[in-house]
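Asker: Using the sequences and the accompanying hints, generate a full structural model.
Chains A, B and C, in that order, are what the protein sequence lines are. With the first sequence counted from 1, adding 16 to any position gets you the numbering used here. With the second sequence counted from 1, adding 60 to any position gets you the numbering used here. With the third sequence counted from 1, adding 2 to any position gets you the numbering used here.
Possibly wrong hints are sitting among the right ones.
Said to hold, decoys possible - No more than 30 Å apart at the CA atoms, straight line, and that leaves these computed lysine-lysine pairs for DSS-like:
1. B/K230 / B/K168
2. B/K102 / C/K61
3. B/K101 / B/K69
4. C/K108 / C/K9
5. C/K144 / C/K65
6. B/K157 / B/K172
7. B/K192 / B/K215
8. A/K178 / C/K144
9. B/K81 / A/K178
Unchecked claim - To give an idea of the chain C side of the interface with chain B (calculated C-beta under 10 Å), a few residues:
10. A36
11. F37
12. L38
13. D40
14. R41
15. G43
16. D45
17. L203
18. P217
19. F301
20. W304
21. W307
22. T308
The hints are simulated quantities; they were obtained by calculation from the structure and are not laboratory data. Positions of the beta carbon are idealized from the N, C-alpha and C atoms, including for glycine.
Take a look at the letters that make up each chain.
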Amino acid sequence: MESTILFYLLSAMSVISALFVVFSRSPIYSVLSLIVCFFTIAGHYIMLNAQFLAIIHIIVYAGAIMVLMLFTVMLLNLNQEVSVHKFNLTKLMAVFTGGLLFLVIVASVKSSTLANYQAPAYLNIGNAEDIGMKLFTDYLLPFEISSVLFVSAMISAVLLAKKEIK
Amino acid sequence: MNQLTNRSKVVVHKEMNWIEKLYLPAIFQGLIITIKHLFKKKATLRYPEVTRPFAPVYRGMHVLKRDEQGRENCTACGLCAVSCPAEAITMDAAERKKGEEMLYREEKYAAKYEINMLRCIYCGLCEEACPKDAIYLTDRIVPSDYNRNNFVFGKDVLVEPIDQRIDISKRKKDYSIVN
Amino acid sequence: MEIILFKTILVLVLFLISLGIAAYSTYAERKVAAFLQDRIGPDRAGPFGLLQPIADGVKMFLKEEIIPNHSNRWLFILGPCIFMLTALMTSAVIPWGLPLEFDGTKYALQVADINIGVLYIMGVLSVGVYGIMIGGWASNNKYALLGAIRASSQMISYELAMGMSIISILLISDGSLSLSHIVESQKGMNWNVFYQPLGFLIFLICAFAEANRTPFDLPESESELIGGYHTEYSSMKLGLFLFAEYINMFISSTVISCLYFGGYQFPGLAYLSAHLPANVVSIISIGALFTKVFFFIFFFMWVRWTIPRFRYDQLMRLGWQVLLPLSIANMLITGGVITFFNL
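Answerer: See below:
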């Protein structure tokens with residue numbers, strides 16, 4: 017019973033904060049509400065008994081990536097008074113891509129059936145040992161490929177930073 | 061060049077070797093130095109309870125002296141005011157009336173005698189200029205205040221009370237250059 | 003139900019201890035600074051100046067509360083609150099001693115023995131930056147903003163090396179992320195610092211950087227940035243910032259003691275627990291932990307009054323070009339040795 021109430025509370029918070037990210041005029045408030053959203057999602061992870069995922073989510077997303085985002089927004093000093101005028105073409109493209117994403121989501125929700133969904137019997141999905149075992153046995157290839165992706169991102173970042181030295 | 065102390069070190073800009081580049085030995089040395097100071101004698105004096113000994117020639121707040129019979133020495137000659145490099149002293153002279161012989165030693169006296177303590181540089185020239193042994197600088201410290209006006213000390217503050225004579229025996233010593 | 007009552011009491015006690023130690027850390031800092039500089043330090047409030055923290059607290063409360071006109075009011079208030087909150091949250095996963103026993107039931111002296119204790123501390127630490135960043139930005143002051151930016155980039159940089167050196171610890175203590183397990187694996191003098199001297203050094207340096215202590219106190223360097231991120235703060239909001247920093251220092255010392263110096267373990271603990279009642283041993287073990295913690299708090303201060311501040315580029319170079327590669331090498335060597343010798 018408590019967990020149901022908690023679930024609805026967390027869900028409501030995450031949805032509201034996510035909406036606030038989109039509709040807020042000030043970029044700082046957007047970033048801050050995105051952080052709140054990440055925390056509520058971490059709360060969902062904890063309710064799924066996946067503490068490891070939750071804390072990694074907080075460390076990586078809320079603790080590192082969002083700090084960088086906040087950093088950028090603060091340095092650029094994007095106040096609502098000086099919000100950049102957006103071109104009509106940009107708006108059009110944004111609507112188009114957003115519509116595509118929406119279409120995909122609608123299609124996937126429509127095609128899936130929740131009637132015969134069964135929760136996995138194994139509940140320790142979020143423990144460090146189990147995640148390690150899964151990553152290094154069943155999902156080794158995707159894991160390594162994603163690390164290659166990170167390496168390439170790192171190299172490109174270094175290249176961008178070192179551009180002037182030829 | 062003559063060295064003033066034996067602690068001076070010649071600065072050499074030589075390349076550091078790799079142990080020095082780690083900085084850890086240097087940091088460790090620094091830590092040892094500071095921890096040694098933990099056990100050293102403290103330089104602080106707990107001021108109101110303990111005071112630092114004053115030099116006998118210390119020049120603090122002025123006093124206008126009285127003689128043995130309790131009469132004011134000052135005759136308002138104005139030499140102190142003339143000698144004062146900071147022009148901190150002003151005075152008004154007045155003639156001694158009949159019956160005031162017990163108050164003033166000379167026939168002329170200072171009706172008003174003011175020293176602006178904010179102007180005063182405590183050089184002691186007034187004391188040297190005084191022919192009547194009337195003004196002395198003592199080892200008392202001028203009290204602090206919130207108001208500038210309160211730093212103009214009049215006779216009420218400067219003249220020593222009859223029952224609380226200010227000891228100036230240290231100042232009276234002859235410290236002039238003997239040839 | 004009893005366990006909940008016990009945990010509540012434990013949380014309250016921890017809260018009070020954190021605040022008390024933080025308060026007396028300010029006093030100790032001034033005393034240590036004074037003694038290292040051949041002075042006496044505060045000695046007017048109470049015997050040996052022991053009431054000085056209370057006087058400071060009263061002063062902080064009675065100061066005028068100023069919120070700058072062009073600041074972002076809510077974020078301005080939120081900043082110190084977040085900083086204080088995260089500082090206080092960390093102590094939840096630390097094992098403070100052997101369990102106490104009442105009526106035959108054992109009560110662990112740890113608020114939450116979660117199996118990701120170390121990661122929890124890292125997570126809370128990384129969230130703590132938001133307090134500084136939000137406070138610094140909302141002040142609408144360039145010095146505060148510069149301080150906030152310095153703080154956040156510094157914390158992100160040093161978190162990496164810190165995490166890497168923690169991984170080496172996890173490798174030698176059977177891969178458990180639980181702090182109580184890590185402490186238990188260091189029985190007697192079997193402390194991790196003897197197996198991980200390099201990791202300890204890296205962790206120590208990173209702890210200094212994370213707690214914003216000299217030589218890494220660039221976010222609030224008085225001589226260049228006035229007061230850094232808390233330039234515009236006054237009254238108790240400033241007090242919260244300063245206080246939270248001392249709590250951070252206390253928690254850092256505790257984490258160092260737990261990870262590398264055996265936490266509440268000390269040689270002879272096994273002998274004592276065989277011969278003395280459980281509660282007495284428990285209290286002795288708490289004392290052992292706090293001895294280590296106090297030593298490290300003193301060490302933090304000792305270093306502060308010895309070493310001057312880094313320049314900002316030196317700080318970044320140290321973090322990224324020295325500590326991070328060293329910690330990765332340390333991790334690889336540790337893993338290699340464990341695999342090679344089948345430890």
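Asker: Are the hints correct? Go through all of them and say.
Answerer: Quick rundown of the hints versus the structure:
As the CA atoms of B/K230 and B/K168 are separated by approximately 28 Å, the hinted pair is consistent with the 30 Å bound. Between B/K102 and C/K61 the CA atoms are separated by roughly 28 Å; this keeps the pair inside 30 Å, and the hint holds. Of the supplied pair hints, the one linking B/K101 and B/K69 holds, its CA atoms being roughly 26 Å apart against a limit of 30 Å. Proposed proximity of C/K108 and C/K9 is supported: the alpha carbons are some 12 Å apart, at most 30 Å.
Simply put, C/K144 and C/K65 have alpha-carbon atoms about 24 Å apart, close enough for the 30 Å limit, and the pair holds. With a CA separation close to 16 Å, the supplied pair B/K157 and B/K172 stays within the 30 Å bound. Restraint check: the Cα-Cα separation between B/K192 and B/K215 comes to about 17 Å, which is no more than 30 Å; the hinted pair holds. For the proposed pair A/K178 and C/K144, the alpha carbon gap of about 28 Å is at most 30 Å, so the pair holds.
The suggested pairing of B/K81 with A/K178 holds, with an alpha-carbon distance near 26 Å, which does not exceed 30 Å. Because the beta carbon of C/A36 sits about 8 Å from the nearest beta carbon in chain B, less than 10 Å, this interface hint is met. The closest approach between the C-beta of C/F37 and any C-beta of chain B is roughly 5 Å, which is under the 10 Å cut-off, so the hint is satisfied. Given hint, C/L38 at the interface with chain B, holds; its Cβ is 5 Å from that chain's nearest Cβ, closer than 10 Å.
The interface hint given for C/D40 is met, as the beta carbon of that residue sits about 5 Å from the closest beta carbon of chain B, less than 10 Å. Checking C/R41 against chain B by beta carbon gives a least distance of about 5 Å; that is within 10 Å, so the hint holds. Interface hint at C/G43: satisfied, since its Cβ lies 9 Å from the closest Cβ of chain B, which is below the 10 Å cut-off. Of the supplied interface hints, the one on C/D45 holds, with its beta-carbon coming within about 7 Å of a beta-carbon of chain B, less than 10 Å.
The interface hint given for C/L203 is met, as the beta carbon of that residue sits about 8 Å from the closest beta carbon of chain B, less than 10 Å. This hint holds: C/P217 has a C-beta 9 Å from the nearest C-beta of chain B, less than the 10 Å allowed. Hint status for C/F301 relative to chain B: holds, with the closest Cβ pair at about 9 Å, below 10 Å. Evaluation of the C/W304 hint against chain B yields a held restraint, the C-beta minimum of about 6 Å falling below 10 Å.
Look at C/W307: its Cβ gets to within about 6 Å of chain B, closer than 10 Å, so that hint holds up. Interface hint status for C/T308: upheld, as the beta-carbon distance to the closest one in chain B is roughly 4 Å, under 10 Å.
Figure legend: structure checked against the earlier numbered hints; every hint is met.
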